[in-house]
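Place chain B on chain A using the hints.
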Amino acid sequence: MIAVFMVIAALVPGDVTEFRLSNGIPVVTRTLPGDVEGLSLFLIGGTRVQDPDNQGLEAMALEAAMDGGGDFPGERWREVMDRTRASLTGSYNYDFSRIHLRCLSEDLALLIHGLRECLAFPELSDHTVERVRSRTLSQLSIDLAHPDRMVWRVSNQGFMPENHPYLLRPDGTIETVSEATGTDLRGLLEERIHAGNLLITHAGPTEPGALKEILENSFGIFPPGTPADLRVEPPGALRDTLVVEELEAATTYIVVKFRAPPPGHGDQPAFEAAMMVADHLLWQILRTDHALTYAAGAGVTTDYSGNWGYMYATTSSPRAACSLMTLALASIAEGDVDPEILPGAVRTRITIEGVRAETMDAQCRLLGSGTLAAGHWRTFFNPGERYGDLTLHHLSASLRKWVDTGAWGIVTRDRNGLDMTSPFPLGIHPMDEQGLIVLEGGVQVLYPGSRSETVIITDAATGYPYALVGDRARRLIAEGAAVASVKGRLTREGWSVREDLPRVLVTEVETRRL
Amino acid sequence: MIGLTGMDLSQRVLPNGLQVFAAESGTAPVVTICVAVKTGGTCETPETNGMAHFYEHMFFKGNAVLPDQTGYNRRTRELGILSNATTSLETVVYYITLDSRLFVQGMEFMANGMLTPLFDPEEMEREREVITDEYLRSASSPWWNLWRAVERTVYPEPWRGNTIGELEVIQSASPETMRYFQEKYHTPDNAALFILGDVDESHALETAARFFGPWEFGGRSDFDSLEKAVHIPADTTVMVAGPEGVGYIYMILEGPSVLSDRRATYSADLWGAYLDLASRRFQRNLVTEGPFSQVHGGYYTQRFSPMITFGGMIGPDRIEEGLGLLELEIEAMGNPDYFDEEGLAMAGELLVRERLLSRESYRDLAVQTLPFWWVQGNGIEYYLTYEDSVSNTGLHHLEDFIAAYVANRPRALFLVTPGGEAP
Numbered sequence: 001m002i003a004v005f006m007v008i009a010a011l012v013p014g015d016v017t018e019f020r021l022s023n024g025i026p027v028v029t030r031t032l033p034g035d036v037e038g039l040s041l042f043l044i045g046g047t048r049v050q051d052p053d054n055q056g057l058e059a060m061a062l063e064a065a066m067d068g069g070g071d072f073p074g075e076r077w078r079e080v081m082d083r084t085r086a087s088l089t090g091s092y093n094y095d096f097s098r099i100h101l102r103c104l105s106e107d108l109a110l111l112i113h114g115l116r117e118c119l120a121f122p123e124l125s126d127h128t129v130e131r132v133r134s135r136t137l138s139q140l141s142i143d144l145a146h147p148d149r150m151v152w153r154v155s156n157q158g159f160m161p162e163n164h165p166y167l168l169r170p171d172g173t174i175e176t177v178s179e180a181t182g183t184d185l186r187g188l189l190e191e192r193i194h195a196g197n198l199l200i201t202h203a204g205p206t207e208p209g210a211l212k213e214i215l216e217n218s219f220g221i222f223p224p225g226t227p228a229d230l231r232v233e234p235p236g237a238l239r240d241t242l243v244v245e246e247l248e249a250a251t252t253y254i255v256v257k258f259r260a261p262p263p264g265h266g267d268q269p270a271f272e273a274a275m276m277v278a279d280h281l282l283w284q285i286l287r288t289d290h291a292l293t294y295a296a297g298a299g300v301t302t303d304y305s306g307n308w309g310y311m312y313a314t315t316s317s318p319r320a321a322c323s324l325m326t327l328a329l330a331s332i333a334e335g336d337v338d339p340e341i342l343p344g345a346v347r348t349r350i351t352i353e354g355v356r357a358e359t360m361d362a363q364c365r366l367l368g369s370g371t372l373a374a375g376h377w378r379t380f381f382n383p384g385e386r387y388g389d390l391t392l393h394h395l396s397a398s399l400r401k402w403v404d405t406g407a408w409g410i411v412t413r414d415r416n417g418l419d420m421t422s423p424f425p426l427g428i429h430p431m432d433e434q435g436l437i438v439l440e441g442g443v444q445v446l447y448p449g450s451r452s453e454t455v456i457i458t459d460a461a462t463g464y465p466y467a468l469v470g471d472r473a474r475r476l477i478a479e480g481a482a483v484a485s486v487k488g489r490l491t492r493e494g495w496s497v498r499e500d501l502p503r504v505l506v507t508e509v510e511t512r513r514l
Numbered sequence: 515m516i517g518l519t520g521m522d523l524s525q526r527v528l529p530n531g532l533q534v535f536a537a538e539s540g541t542a543p544v545v546t547i548c549v550a551v552k553t554g555g556t557c558e559t560p561e562t563n564g565m566a567h568f569y570e571h572m573f574f575k576g577n578a579v580l581p582d583q584t585g586y587n588r589r590t591r592e593l594g595i596l597s598n599a600t601t602s603l604e605t606v607v608y609y610i611t612l613d614s615r616l617f618v619q620g621m622e623f624m625a626n627g628m629l630t631p632l633f634d635p636e637e638m639e640r641e642r643e644v645i646t647d648e649y650l651r652s653a654s655s656p657w658w659n660l661w662r663a664v665e666r667t668v669y670p671e672p673w674r675g676n677t678i679g680e681l682e683v684i685q686s687a688s689p690e691t692m693r694y695f696q697e698k699y700h701t702p703d704n705a706a707l708f709i710l711g712d713v714d715e716s717h718a719l720e721t722a723a724r725f726f727g728p729w730e731f732g733g734r735s736d737f738d739s740l741e742k743a744v745h746i747p748a749d750t751t752v753m754v755a756g757p758e759g760v761g762y763i764y765m766i767l768e769g770p771s772v773l774s775d776r777r778a779t780y781s782a783d784l785w786g787a788y789l790d791l792a793s794r795r796f797q798r799n800l801v802t803e804g805p806f807s808q809v810h811g812g813y814y815t816q817r818f819s820p821m822i823t824f825g826g827m828i829g830p831d832r833i834e835e836g837l838g839l840l841e842l843e844i845e846a847m848g849n850p851d852y853f854d855e856e857g858l859a860m861a862g863e864l865l866v867r868e869r870l871l872s873r874e875s876y877r878d879l880a881v882q883t884l885p886f887w888w889v890q891g892n893g894i895e896y897y898l899t900y901e902d903s904v905s906n907t908g909l910h911h912l913e914d915f916i917a918a919y920v921a922n923r924p925r926a927l928f929l930v931t932p933g934g935e936a937p
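In the order they appear, the protein sequences are chains A and B. The first sequence begins at 1 in the working numbering and counts up by one. The second sequence begins at 515 in the working numbering and counts up by one.
Rather than coming from a laboratory, the hints here were simulated on the basis of the structure. Take these hints with a grain of salt, some might be off.
One-sided and incomplete, this derived list gives chain B residues near chain A with beta-carbon spacing under 8 Å [unchecked claim]:
no.	residue
1	D613
2	V760
3	E803
Here the structure is a predicted model, which means the values were calculated and not measured. Ideal Cβ positions, reconstructed from N, Cα and C, are used throughout, including at glycine.
Just chain A, same shape as in the assembly (with noise of 0.2 Å):
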């Protein structure tokens, strides 16, 4: 472990300077040494503020937006934008939309200018619409047509609960772009910029002192206003759900996604580490030791409001590559993994990091996912420090307090020629086949009569405890049962001393005393 923690000081930034801009726009900065600045601005919302009908018309309304407005109308803007070189893109996702600048330092103070005036005052002629739209479009049934793109959204299906605004689409949809108006558009900025939804992050040479200059003179215009409180319901599929799309695609694409830690959830570092193990056994199993996929990978969001954990492979041969995949989780969650797998994903994390520190761009994406989604921007800048205590035990715990179903979404040719019909249980709960948990085991009440009462029951099978919560629970102390089968369903309600505990809310209990 030497290793890990001789570079963790370097990757802690200590050049980061945080202030706020007179209508109370926060900013993160990070200074730099280089000639390349980047700067982002974040639209806090994504699509937790759409809905069916005007789903992507964000994203639309900001891409025709920075065609140029106010002081830089288009033509102007354009000449300005050939001169400097610079770059302006827009990253759209569930949670914020993220416009980033990238340019030269002598040329940061003008463009930031210019951006302000885009979003402030945007021009939206009729034809910059249409562009936008036609470009839109033709994106969207790109992704229509494009298995590894489809397989993400087909896996949602089956994961978001309906009506969850992660079921919206970013980008949109053919219908909503297609009907969308320059009104629409114009409305919806006016709408949605004020300084209570945004965030800006800045990294690169320009001191602090002189950036809260630039951006007072520009940004500080935008209205004040309040964060809408955003919160979402956690995503999560009820049961082990398989979801097959159907389309031409010559090998078969596989996304399983369960459930994950929100932000700044206790469990998110463990949780983390265990995916990034996962990434590894992967590797190993599905390519090295079988050959069964040229790519295969696990992994976490980490800056949602609601997070999932995902595992990904494309195969010609589905069942196996499902079966593998399920087994590397479950063997994280049984503790039964090679030790030195660990450290050495910790070690390669860090290196990740390293090169994220190479650029301008990563450093503003790191500086606002911490700050919106943990609200630290230093939340994802200390990987060693992060990950450097935990042990396999500690992936276990959360493995198995939080992944109880999988949503497997598959995108193949032929669904008749798929060698699998149902989903494979992701293994780490005893589940009936309504996708209630099955305990049977000896019960323990801890600080019995205390506040801090809690049932646990050991799963004589697997020989995992679990914290029972609900008023069949508090029964079962009542009753002084020794020896409890239970069923029930996995939740975050409710509270038990053992923190590090999957919790069950009882439907059902059958006892035993001793």
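Okay, now just chain B, sitting in the frame of chain A:
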């Protein structure tokens, strides 16, 4: 030490012919080590199509120190290594990035892979399946039909335009074929080593000599004497099947090779940069006020497949209109009034700024920019003198270039529409 705008690059040539380049950056505590080899699809025959790529995969499958891929995987974790490789038509690059304090171990790791690959038959058997899945992934792309059509139309020997190869050839790969590619191309005199990042340059060069010095001189590569691979003798139009709702126009003309007409390559780049200016007529007539949602016109520097390309996304119902406008623009380029001096100055400045921006990430510089130009320029000098050469390019050079390579030249035209044809 050789100077570049904004960075210095140290260089040494080892006795075995390996060219080593090093540059230090303190931005991040990592170092990237990359070996570029002059080989790829362009070196292949129908019988070996895809073998340069197969060889690239075998780099990760074991060597004299790490006997198999499991051993390789384990060592990458021990050192926290990010490793990868890419094969293109004219270059294969192998690279790792790791904690700069483990630089020496990283160099040893890299040298073992380059100098002593095993080509174990069992590992090859497994990798065959992996590459097959990679092939099938490519074949699943909505752009697969276009790629295949290009390869079969502009390459008289289509295999020279195909990196991943044909499935039948992939299935026939043997250790003997790998040895052939090793002995012919994977030799120090046909390769270059790039070390960029948080490492002292002289230490990097010394370490390179220590680990790569024993790499045996080859002298068998025919790369520098290969013939041009693209040839478009007459106008050709190919209708290509694409996704529903998507139209794409793609036009290819033969471009200048760095080896035979270096002067024209600078003109071509300046010309491409001019066409990229959103404030000038090409973009204005075709995109800002035209039917394309985006369009490009430019030159892709290659030694054996140099191409001038035009293309753009457009609604499938406006393909005909778009093509008409594009052809009008191309025709108009023959008129000197098409270009203005101020725009040309902007285009030149644009190329210089692009270079500055490309130096933001030393990893990208080590694995993309420098290897690319080292191969295409037949040495790093082309890259190092690029800015001066471009700044010495004027309107009359553009006129010469257009007359020689664009105006009235045969072109291969690909129209991608939902109603096109699959190969």
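request  = State the violated hints by number, sorted upward, taking the hints as numbered earlier in the document.
outcome  = none
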